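Engineer: Top line first, the protein sequences correspond to chains G and W.
Residue numbers for the first sequence follow the working numbering, so the first one is 1 and each next one is one higher.
Residue numbers for the second sequence follow the working numbering, so the first one is 1 and each next one is one higher.
Worth flagging that the hints you see were computed from the coordinates, not collected in a lab.
Every value quoted in this text rests on a predicted model; they were computed, and no experiment measured them.
Selected chain G positions facing chain W (Cβ under 7 Å, derived; list incomplete):
| hint | residue |
| --- | --- |
| 1 | P66 |
| 2 | V67 |
| 3 | L70 |
| 4 | A74 |
| 5 | P88 |
| 6 | I89 |
| 7 | G90 |
| 8 | G93 |
| 9 | I94 |
| 10 | T97 |
| 11 | Y101 |
| 12 | L140 |
Glycine included, C-beta positions come from ideal geometry on N, C-alpha and C.
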Amino acid sequence: MSYTLSTGAQSESNIEVHKYYGGTVIAVAFLAIVLQAFLHKYGRWSELVDLPLLVTIYFGVSRRNPVTGLFLGAAIGIMQDALSHDNPIGLYGIAKTLVGYLASTVGARIDTQHPASRFILVFVFFHFHQAVFALTERVLLNHPAPFFTWSLLRDSLVNATLAVVLFAALDRLRRQS
Amino acid sequence: MDTLFSRHRALALLAAAILSQVLLLAFQIKREHDVRLIRVWSAAAVTPFERGATSALSRIDGAWSGYVWLRGTRAENARLRDEVDALRLRNQELEGESAEAQRAGLLLNFRDAHTETPMVAALVIGASADTSSRTLTLNRGDRDHIRRNMAVITPDGIVGKIVEVFASTSQVLLIDDKDSGAGALLADTRTHGVVKGGDTDTRLDYVVNDEQVHAGERILTSGEDRIFPKDLLIGTVVNAKPGVPFQVIRVRPAARLDRLEEVLILLTQQELKNPSESADSTAGQSTTPGILQTPLPAAVTPAAAGPQAKTVPSAPPAPRP
Numbered sequence: 001m002s003y004t005l006s007t008g009a010q011s012e013s014n015i016e017v018h019k020y021y022g023g024t025v026i027a028v029a030f031l032a033i034v035l036q037a038f039l040h041k042y043g044r045w046s047e048l049v050d051l052p053l054l055v056t057i058y059f060g061v062s063r064r065n066p067v068t069g070l071f072l073g074a075a076i077g078i079m080q081d082a083l084s085h086d087n088p089i090g091l092y093g094i095a096k097t098l099v100g101y102l103a104s105t106v107g108a109r110i111d112t113q114h115p116a117s118r119f120i121l122v123f124v125f126f127h128f129h130q131a132v133f134a135l136t137e138r139v140l141l142n143h144p145a146p147f148f149t150w151s152l153l154r155d156s157l158v159n160a161t162l163a164v165v166l167f168a169a170l171d172r173l174r175r176q177s
Numbered sequence: 001m002d003t004l005f006s007r008h009r010a011l012a013l014l015a016a017a018i019l020s021q022v023l024l025l026a027f028q029i030k031r032e033h034d035v036r037l038i039r040v041w042s043a044a045a046v047t048p049f050e051r052g053a054t055s056a057l058s059r060i061d062g063a064w065s066g067y068v069w070l071r072g073t074r075a076e077n078a079r080l081r082d083e084v085d086a087l088r089l090r091n092q093e094l095e096g097e098s099a100e101a102q103r104a105g106l107l108l109n110f111r112d113a114h115t116e117t118p119m120v121a122a123l124v125i126g127a128s129a130d131t132s133s134r135t136l137t138l139n140r141g142d143r144d145h146i147r148r149n150m151a152v153i154t155p156d157g158i159v160g161k162i163v164e165v166f167a168s169t170s171q172v173l174l175i176d177d178k179d180s181g182a183g184a185l186l187a188d189t190r191t192h193g194v195v196k197g198g199d200t201d202t203r204l205d206y207v208v209n210d211e212q213v214h215a216g217e218r219i220l221t222s223g224e225d226r227i228f229p230k231d232l233l234i235g236t237v238v239n240a241k242p243g244v245p246f247q248v249i250r251v252r253p254a255a256r257l258d259r260l261e262e263v264l265i266l267l268t269q270q271e272l273k274n275p276s277e278s279a280d281s282t283a284g285q286s287t288t289p290g291i292l293q294t295p296l297p298a299a300v301t302p303a304a305a306g307p308q309a310k311t312v313p314s315a316p317p318a319p320r321p
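Please model the entire structure based on the sequences and the hints provided.
Structural biologist: See below:
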């Protein structure tokens, strides 16, 4: 298995846009949300993982289409808000919309097949997602949400590690060109 | 425009997605007083423009009416000046009337306190043209049953006595005139003397040097002059010095002789009684000074004085001390 790690200096035409079988993206996103809700009742350890965020990042960097990325992020985030108990709808939506857009933009410039690049991307996007979420809470809800804590650092490392495995599994769902 | 949108299509859609979700949040979130955030934002966005528009319109209107549209302003200004002048005059009149009413109220109170004593209220309408004599002219005369040697008083103290009576006016010789005099006694020691006017001050004469007289001691009428009823307040001692053969006692008259406007003319020489002690006096007990303990005098018309007014002339004329 060979990995390609391209930089923005390369043209977008050199970067492959991955295709998936019909309904795969929607099905995986829905499954991630359901799993997130389902696992939550089995213990607080499930709070370490943000499966909808990982799916958003994965399809963002794979599809490499900012419009698709932002709508996918918005849809996943709004659904996550709707399933939460006390979040007003839009908190996760805004954060994941931005993540989806940026992941698609980054994915269009960088080939993210290498596990290391995936680890770093998820680590960075996790903290970006948390920063947007905290900022939205502070500005709109007047809640003093933290931008960074040690537990958030731990969570980001766990999610980045999980992403390396999960993304490799999701790669198998690609339609062969 | 289409080119610009298509070039930044993704960015525009991102902005639209974020904005729509922010608005969605604003519809859900409630701030203080249960007001939705979208309302807070709307008010915050609109209020500055409304305030600015109102302020601008107000300034324009002020500039127009204050600097441009001045038609009729000169006439209005003149009219307002006239109105202010008229109001100032009216205000002065009312102040004068108020003071007069206050003084009349004092006289009325005194009349009510001494209903048994006939008295006539009079206005001071003139004074002596001679600087060496201290006399006043009153608006009551023979028609009002005023006679010579009747006592003239105020709420504060005695004023003088009637020396000339004309048909409708009369002349009062003040107690500080050099030709005037009133039988007096010191309130504390009951030592008798005579209060006389002078060129510069008023004095209590005929008090021997052995008598202790202190400043501030009250001087009352003794009634011996048969003009002033007994125990009316004349004034207070300013200072007392030994003299030859009698003490030199300077007196400050209780009545403000230099600014009299209304006075009372007593139609009888009978003693003024303290109304609170009238019942006691009818029971044969002695009375204490009337005007001393009686707050204020009141006016009485000649008609109110009734038949008693006509009995006054029977009082013997008192010689000047």
